[in-house]
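Peer 1: Based on the sequences and whatever the hints tell you, model everything.
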Amino acid sequence: LRELAGARLNRGGRRAPRAVPPMEPVLTGISAFVEVWSSNRTENYSKTFEQQLLDMGAKVSKTLNKHVTHVVFKDGRLTTWTKAQKMGVKLVSVLWVEM
Numbered sequence: 001l002r003e004l005a006g007a008r009l010n011r012g013g014r015r016a017p018r019a020v021p022p023m024e025p026v027l028t029g030i031s032a033f034v035e036v037w038s039s040n041r042t043e044n045y046s047k048t049f050e051q052q053l054l055d056m057g058a059k060v061s062k063t064l065n066k067h068v069t070h071v072v073f074k075d076g077r078l079t080t081w082t083k084a085q086k087m088g089v090k091l092v093s094v095l096w097v098e099m
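Everything in the sequence shown is counted per the numbering used here, starting at 1 for the first residue and increasing by one.
Worth flagging that the hints you see were computed from the coordinates, not collected in a lab. This list has only true hints and no planted wrong ones.
Subject to a maximum C-alpha distance of 25 Å in a straight line, what follows is the list of computed BS3-like cross-link-like pairs (lysine-lysine): (1) Lys47 x Lys74; (2) Lys47 x Lys66; (3) Lys59 x Lys83; (4) Lys47 x Lys83; (5) Lys62 x Lys74; (6) Lys90 x Lys74; (7) Lys90 x Lys66; (8) Lys62 x Lys86; (9) Lys86 x Lys74; (10) Lys86 x Lys59; (11) Lys66 x Lys86; (12) Lys62 x Lys83; (13) Lys59 x Lys74; (14) Lys90 x Lys59; (15) Lys47 x Lys59; (16) Lys90 x Lys47; (17) Lys83 x Lys66; (18) Lys90 x Lys62; (19) Lys62 x Lys47.
Here are the simulated distance ranges between beta carbons: (20) Glu24 x Thr63: 25 to 35 Å; (21) Asp55 x Asp75: 22 to 32 Å; (22) Thr63 x Pro25: 15 to 25 Å; (23) Asn44 x Gln85: 13 to 23 Å; (24) Val92 x Arg14: 32 to 42 Å; (25) Lys83 x Arg41: 10 to 20 Å; (26) Asn40 x Lys66: 30 to 40 Å; (27) Arg15 x Lys86: 49 to 59 Å; (28) Lys83 x Ser39: 21 to 31 Å; (29) Trp81 x Arg14: 43 to 53 Å; (30) Arg15 x Asn65: 43 to 53 Å.
Where is the CB? At the ideal position from N, CA and C, for every residue including glycine.
Peer 2: Dropping the structure here:
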């Protein structure tokens with residue numbers, strides 16, 4: 001490999017793939033409850049987002065309780081939405097996790 005203007009190139013002159021750096025713990029101090037379903041409510045994707053949150057430094061709660069600071073919500077139960085609003089918890093979309 002050779003370096004050219006900061007870009008790593010392989011012998012064919014093409015850009016070489018870079019290793020993906022580990023995620024920084026940007027969500028330290030966040031405690032999240034996750035309720036993420038497919039649009040037709042047949043597939044629960046919560047575990048996927050729970051793992052992403054953990055990788056980013058957040059804590060994940062299995063229940064919506066007084067320690068939760070954020071609810072990641074998509075096509076979930078109305079009772080979850082209502083309870084989070086009454087508790088004053090921040091309701092965020094899956095895009096909040098993926099940014």
